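Novice: Chain by chain, the residues:
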Amino acid sequence: GENVEQHPSTLSVQEGDSAVIKCTYSDSASNYFPWYKQELGKRPQLIIDIRSNVGEKKDQRIAVTLNKTAKHFSLHITETQPEDSAVYFCAASRSGGSNYKLTFGKGTLLTVNP
Amino acid sequence: GAGVSQSPRYKVAKRGQDVALRCDPISGHVSLFWYQQALGQGPEFLTYFQNEAQLDKSGLPSDRFFAERPEGSVSTLKIQRTQQEDSAVYLCASSSGTSLGEQYFGPGTRLTVT
Chain A
1 GENVEQHPST LSVQEGDSAV IKCTYSDSAS NYFPWYKQEL GKRPQLIIDI RSNVGEKKDQ
61 RIAVTLNKTA KHFSLHITET QPEDSAVYFC AASRSGGSNY KLTFGKGTLL TVNP
Chain B
1 GAGVSQSPRY KVAKRGQDVA LRCDPISGHV SLFWYQQALG QGPEFLTYFQ NEAQLDKSGL
61 PSDRFFAERP EGSVSTLKIQ RTQQEDSAVY LCASSSGTSL GEQYFGPGTR LTVT
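Each protein sequence line maps, in turn, to chains A and B.
Residue numbers for the first sequence follow our numbering, so the first one is 1 and each next one is one higher.
Residue numbers for the second sequence follow our numbering, so the first one is 1 and each next one is one higher.
Any given hint might turn out to be false.
[Stated by the list, open to error] Simulated DEER-style distance windows between Cβ atoms:
1. A/Ser95 / B/Arg9: 29 to 35 Å
2. B/Gly16 / A/Val54: 47 to 53 Å
3. A/Lys57 / B/Glu85: 36 to 42 Å
4. A/Leu109 / B/Thr112: 20 to 26 Å
5. A/Lys68 / B/Ser62: 33 to 39 Å
6. B/Gln83 / A/Glu15: 41 to 47 Å
7. B/Arg15 / A/Asp59: 42 to 48 Å
8. B/Gln80 / A/Gln45: 27 to 33 Å
9. A/Gln81 / B/Ala38: 40 to 46 Å
10. A/Ser95 / B/Ser27: 18 to 24 Å
11. B/Thr98 / A/Asp59: 34 to 40 Å
Worth flagging that the hints you see were computed from the coordinates, not collected in a lab.
Please read all numbers here as calculations on a predicted model, not as lab measurements.
Note that CB positions come from ideal geometry on N, CA and C, so glycine has one too.
All chains should be built: construct the whole structure from the sequences, respecting the hints.
Specialist: So this is what it looks like as structure tokens:
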């Protein structure tokens, strides 16, 4: 089955700096790669996703890149703010993710220091 | 519109008791997923429904776990003879089922087995 590795497990940055979280996956049939943000005690919320027919996607301060050949994808957050502090999870899925299970990484605890 | 809701939000059970966890998906969503999230870990897939059909139950950890969605909307996850290792947050997610649909998560049920 699919295996998703995520690094680093913790990341501390100063406000205004950039943060990068990296994930690798093993299943070459995976074609959907979402990123979820989870604040303490809250539900995971989708912040950005990418499908295997594109290499990069950007939404304001957040961007995701995908390298299908190497089977890795990354989340980039620029101009970090204290409210970006949370646990971030990457995930991978087949069939666009709507009709297939998500396999998650173990998460990255991001702390943005004011 | 209303998002995914789950009840109860918190459940404490003595070891050996049976529990039932409820999920109300977004109206009209055909796909419904259950995930288990242990403390400090990413969500792990348990089972998947498309309408009332349980298409994948490969993630259920034992035959003590049972899920149903009899009318293709509300779903119930039942755990029989609970054990301490069942303590976790149980997350439900729903999706439209279309090729571009994302999974929307509920707030989860935190189960503590004492």
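Novice: Do the beta carbons of A/Ser95 and B/Ser27 sit within 18 to 24 Å of each other?
Specialist: 23 Å, holds
Novice: Do A/Gln81 and B/Ala38 keep their Cβ atoms within the hinted range of 40 to 46 Å?
Specialist: Hint violated: Cβ distance 29 Å, outside 40 to 46 Å.
Novice: Honestly, do A/Ser95 and B/Arg9 meet the 29 to 35 Å range at C-beta?
Specialist: 31 Å, holds
Novice: Kindly confirm whether 33 to 39 Å is satisfied by the beta carbon distance between A/Lys68 and B/Ser62.
Specialist: 36 Å, holds
Novice: Does the beta carbon distance between B/Thr98 and A/Asp59 stay inside 34 to 40 Å, or does it fall outside?
Specialist: 21 Å, violated
Novice: Tell me if the beta carbons of B/Gln83 and A/Glu15 are separated by a distance inside 41 to 47 Å.
Specialist: 44 Å, holds
Novice: Given the hint of 27 to 33 Å, is the C-beta distance from B/Gln80 to A/Gln45 inside that range or not?
Specialist: Because 32 Å falls inside the window, the suggested range holds.
Novice: For the range 36 to 42 Å, tell me whether the beta carbons of A/Lys57 and B/Glu85 fit it or not.
Specialist: Once the Cβ atoms are compared, 38 Å apart, the range 36 to 42 Å for B/Glu85 and A/Lys57 holds.
Novice: With 20 to 26 Å as the target window, see if A/Leu109 and B/Thr112 comply at their CB atoms.
Specialist: 23 Å, holds
Novice: Could you check the hint for me, namely that B/Gly16 and A/Val54 are 47 to 53 Å apart, CB to CB?
Specialist: 51 Å, holds
Novice: For B/Arg15 and A/Asp59, compare the CB-CB distance with the range 42 to 48 Å and indicate the outcome.
Specialist: For B/Arg15 and A/Asp59 the Cβ distance comes to about 46 Å; the hint holds.
Going through the hint list in order, the structure does not satisfy hints 9 and 11.
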